[in-house]
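On the provided structure of chain S, position chain U as indicated by the hints.
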Amino acid sequence: MSGNTKTITIDPVTRLEGHAKITIHQDKNGDVTDARFHITEFRGFEKFCEGRPVWEMPAITGRICGICPVSHLLASAKAGDDILAVAIPREATRLRRLMNLGQFLQSHALSFFHLSAPDLLLGMDGDPATRNVFGLMKEAPDLAREGIRLRQFGQIVIECLGGKKIHPSWAVPGGVSAPLSEENRSLLRERLPEALQTVQKALSLFQEIAPKFAAEAAALGDFPSLFMGLVGENGVWEHYEGKLRFGDSEGAIVADGIDPRDYRTYIGEAVESWSYLKFPYYKKHGYPEGMYRVGPLARLNICESMGTPRAEAAWQAFRQTSGGKPVTSSFYYHYARLVEMLAAVERIESGLNEPEVLSDHVRADAGINRLHGVGASEAPRGTLFHDYTVDRQGLIQKCNLIIATGQNNLAMNRTVLQAAQHYIKGDSIPEGLLNRIEAGVRSFDPCLSCSTHAFGQMPLQVVLYGPDGGTLDERTRD
Amino acid sequence: MTVTTLTINGELVSASPGASVLEAARENGVEIPTLCELEGISSAGACRLCLVEISGTPRLQPACVTAATEGMEVQTDSERLNRYRRMILELLFAERNHICPVCVANGHCELQSRAIENGMDHVRFSYQHPDLSVDITHERFGIDQDRCILCTRCVRVCDELEGAHTWDVAGRGTKSRVITDLNQPWGESDTCTSCAKCVEACPTGAIFRKGSSVGEMEHRRDRIRFIADARKKKEWSP
Numbered sequence: 006m007s008g009n010t011k012t013i014t015i016d017p018v019t020r021l022e023g024h025a026k027i028t029i030h031q032d033k034n035g036d037v038t039d040a041r042f043h044i045t046e047f048r049g050f051e052k053f054c055e056g057r058p059v060w061e062m063p064a065i066t067g068r069i070c071g072i073c074p075v076s077h078l079l080a081s082a083k084a085g086d087d088i089l090a091v092a093i094p095r096e097a098t099r100l101r102r103l104m105n106l107g108q109f110l111q112s113h114a115l116s117f118f119h120l121s122a123p124d125l126l127l128g129m130d131g132d133p134a135t136r137n138v139f140g141l142m143k144e145a146p147d148l149a150r151e152g153i154r155l156r157q158f159g160q161i162v163i164e165c166l167g168g169k170k171i172h173p174s175w176a177v178p179g180g181v182s183a184p185l186s187e188e189n190r191s192l193l194r195e196r197l198p199e200a201l202q203t204v205q206k207a208l209s210l211f212q213e214i215a216p217k218f219a220a221e222a223a224a225l226g227d228f229p230s231l232f233m234g235l236v237g238e239n240g241v242w243e244h245y246e247g248k249l250r251f252g253d254s255e256g257a258i259v260a261d262g263i264d265p266r267d268y269r270t271y272i273g274e275a276v277e278s279w280s281y282l283k284f285p286y287y288k289k290h291g292y293p294e295g296m297y298r299v300g301p302l303a304r305l306n307i308c309e310s311m312g313t314p315r316a317e318a319a320w321q322a323f324r325q326t327s328g329g330k331p332v333t334s335s336f337y338y339h340y341a342r343l344v345e346m347l348a349a350v351e352r353i354e355s356g357l358n359e360p361e362v363l364s365d366h367v368r369a370d371a372g373i374n375r376l377h378g379v380g381a382s383e384a385p386r387g388t389l390f391h392d393y394t395v396d397r398q399g400l401i402q403k404c405n406l407i408i409a410t411g412q413n414n415l416a417m418n419r420t421v422l423q424a425a426q427h428y429i430k431g432d433s434i435p436e437g438l439l440n441r442i443e444a445g446v447r448s449f450d451p452c453l454s455c456s457t458h459a460f461g462q463m464p465l466q467v468v469l470y471g472p473d474g475g476t477l478d479e480r481t482r483d
Numbered sequence: 048m049t050v051t052t053l054t055i056n057g058e059l060v061s062a063s064p065g066a067s068v069l070e071a072a073r074e075n076g077v078e079i080p081t082l083c084e085l086e087g088i089s090s091a092g093a094c095r096l097c098l099v100e101i102s103g104t105p106r107l108q109p110a111c112v113t114a115a116t117e118g119m120e121v122q123t124d125s126e127r128l129n130r131y132r133r134m135i136l137e138l139l140f141a142e143r144n145h146i147c148p149v150c151v152a153n154g155h156c157e158l159q160s161r162a163i164e165n166g167m168d169h170v171r172f173s174y175q176h177p178d179l180s181v182d183i184t185h186e187r188f189g190i191d192q193d194r195c196i197l198c199t200r201c202v203r204v205c206d207e208l209e210g211a212h213t214w215d216v217a218g219r220g221t222k223s224r225v226i227t228d229l230n231q232p233w234g235e236s237d238t239c240t241s242c243a244k245c246v247e248a249c250p251t252g253a254i255f256r257k258g259s260s261v262g263e264m265e266h267r268r269d270r271i272r273f274i275a276d277a278r279k280k281k282e283w284s285p
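Here the protein sequences come in this chain order: S and U.
The opening residue of the first sequence carries number 6 in the numbering used here; numbering runs sequentially from there.
The opening residue of the second sequence carries number 48 in the numbering used here; numbering runs sequentially from there.
Keep in mind that the hints were calculated from the coordinates and are not lab data.
One should not assume that every hint holds.
[Claimed, not checked] Quick list of in silico lysine-lysine cross-link-like pairs, DSSO-like style, CA-CA up to 30 Å:
hint : chain 1 : residue 1 : chain 2 : residue 2
1    : S       : K403      : S       : K248
2    : S       : K206      : S       : K26
3    : S       : K52       : S       : K289
4    : U       : K222      : S       : K403
5    : S       : K52       : S       : K169
6    : S       : K288      : S       : K330
7    : S       : K288      : S       : K26
8    : U       : K222      : S       : K52
9    : S       : K169      : S       : K206
10   : S       : K217      : S       : K143
11   : S       : K248      : S       : K143
12   : S       : K52       : U       : K257
13   : U       : K257      : S       : K403
14   : S       : K217      : S       : K26
15   : S       : K52       : S       : K26
16   : S       : K169      : U       : K257
17   : U       : K222      : S       : K170
18   : S       : K206      : S       : K217
[As the list claims (entries may be wrong)] Counterexamples of contact, computed for chain U against chain S with all Cβ distances above 12 Å:
hint : residue
19   : L107
20   : I135
21   : E164
22   : G166
23   : D168
24   : H185
25   : L197
26   : D206
27   : A211
28   : A217
29   : R224
30   : Q231
31   : S260
32   : R272
33   : I274
Note that this is a predicted model, so its numbers are computed, not measured.
Heads up, the beta-carbon is just placed ideally off N, CA and C, and yes, glycines get one too.
Only chain S is shown next, with the shape it has when bound in the complex (with noise of 0.2 Å):
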């Protein structure tokens, strides 16, 4: 206890791929002023990439994260195909954009099945020590086991085409370094069949219990913002290619056909001594204003169709949840998740069945005809920004990353106020409590040791806690 205030912290926030602390700002009576998120990880990849070849850059960049390796390939080697100034062969992109939905597919699967599903299907107040995938494992295990083959599936997706399940270099500026065999196409299709029902059942079961979470939904970061992502000619659903799109919470598409090269103009990053995570924001509403979401839930809401039959009905279902407009709540990330694991194995089928899906002419080859490139993609969590300046040889001077999570972070911390503002009064804090505002963040699926590659200087908080649990004093370093 400091005077009238009070700081409960939460340390560390589980089931996040990743470490961060929560900390909540009481005043005398009880009422939350402010909640942080914080991101307590560094890294540092923008500056020791600094005087690499830029040909070595998306398997370096890959090592950023072991759930989205595929993410920081992909959009590694389009900012390398964007300063070699080469339109790679079409079969590579196919091949690229084939790995990216089995990105999609794994790493959503441990986001719902390995980290949410406890929540969802165990109760948000159950006993900590059990809510988690072992816990789950033993009260639905027909479940747990489909969704730990579904992100297996997803793997092999990924195995098939790089050679690697985690962090395959498979992708290169120019293409691919290697196509995809026959023998391993009909591996893949050969286990298309369950990971449809899977991803099926988990949709129906989501749609199931999603009503008895209409509190959650309400507390758990329902607020209007801008959203953002890519999409495709007419407004279909993208995961790899199209043009940037700002839509808002109406339905209203405030910024279109944006060239990701020319995201700067849209984009400003802010930066708060309590984190390490920088703050991106739309520029033209400024900041704070202008917080934007990016994820399933950011692709669905400006998307205008899905592109494949399955998806189209299940996009159908789930705007309806919102009368057909945007859908506010983050906790709804999660039926956006399954929506696009739909999406994910529809177009997986599809794309193996394409004729040139095993053709060898995978690779163009330049020199560097350009002194920057930016390459952006959609990872599981949302737009990803790889942006390179180099020299005349090819060896980078300049990288900024902007990572998915990181545009998330003022929307995180936006929910994370709102479920503290609405669970916690006075000084009883019961643990489905905490479990709730944790939950809130996780609907998000941060990836916190993505989001803070930057280098920068350490913010540091010091805080002593009294005997009864409150704060005597406090210090930070800036």
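For chain U alone, coordinates are given in the frame of chain S:
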């Protein structure tokens, strides 16, 4: 000339006349780990990985530059040798910036292979993290000093087989670097013939084909051997 008879690891063996201890061992199916040695060019004794014990000599001797002599008793495998070899490997890893997972030679690197064979699972010495440069001014090739172990294969192959002597070593001690011509960018070298022998000879990912991504730098040592053999046998002489 008669053969040389010596004992390797307690076995009485014979070696070709003029053979080194390393050659004598190989002729008799005994493997000694090497890094700087390359078939087809002279030996330098630079890496010290092929150190062996020779009876009557307290110091360890590099097998590649020690002549096999009559009655010599050689030990190629012992706890002491393995300890030293591991230390040499660890020092090589600590000296520069070897990051296997993102290296162009990952999976095709002799330094990496020797470390795996030796069972080197960690480095006990402080990494030096020197600030080194990458030179990709050459039209087709690049040199990343971070990955160079100063084995001088490039220097020898360029001098002895190509006859260009583009490569040499500058500096002393930890400041030693392989350089092209008079320490100028490779792309500005007057002597380089772009023959790629140094690229094929390099044991690590230090010298590489431009545009290579992780794990793509495979080396064709057989090409070096082919050229060396052909020269020796004067196959190209009129």
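*Pairwise hint evaluation, K26 (chain S) against K52 (chain S), where the allowed Cα distance is 30 Å at most*: Roughly 25 Å separates the two Cα atoms, so the pair holds.
*asked:* Does L197 (chain U) clear chain S by more than 12 Å, comparing its Cβ with all Cβ atoms of that chain?
replied: At roughly 21 Å from the nearest Cβ of chain S, L197 (chain U) sits farther out than 12 Å, so the non-interface label holds.
*Check the non-interface label on E164 (chain U): least C-beta distance to chain S beyond 12 Å or not.*
Per Cβ check, E164 (chain U) is outside 12 Å of chain S; nearest 22 Å; holds.
*Sort out whether K52 (chain S) lies within 30 Å of K222 (chain U), counting only the CA atoms.*
Cα-Cα ~24 Å, so holds.
*Verdict on G166 (chain U) as a residue remote from chain S, using beta-carbon distances over 12 Å*: Consistent with the label, G166 (chain U) stays out of reach of chain S, its closest Cβ about 23 Å off (over 12 Å).
*Please confirm whether S260 (chain U) is truly not at the interface, meaning its C-beta sits more than 12 Å away from all C-beta atoms of chain S.*
4 Å, violated
*Per the stated criterion, does the least C-beta distance between D206 (chain U) and chain S lie above 12 Å, as a non-interface residue requires?*
26 Å, holds
*Decide if the proposed pair is consistent with the structure: K257 (chain U) and K403 (chain S), CA atoms, cutoff 30 Å inclusive.*
20 Å, holds
*Is the nearest CB of chain S more than 12 Å from the CB of I274 (chain U)?*
27 Å, holds
_Straight-line alpha-carbon gap K52 (chain S) to K169 (chain S), limit 30 Å_ = 27 Å, holds
*Taken at face value, is the distance from the CA of K289 (chain S) to the CA of K52 (chain S) at most 30 Å?*
29 Å, holds
*K217 (chain S) paired with K143 (chain S) [C-alpha distance capped at 30 Å]*: 22 Å, holds
Violated hints, in rising order: 2, 11, 17, 24 and 31; the structure is consistent with all others.
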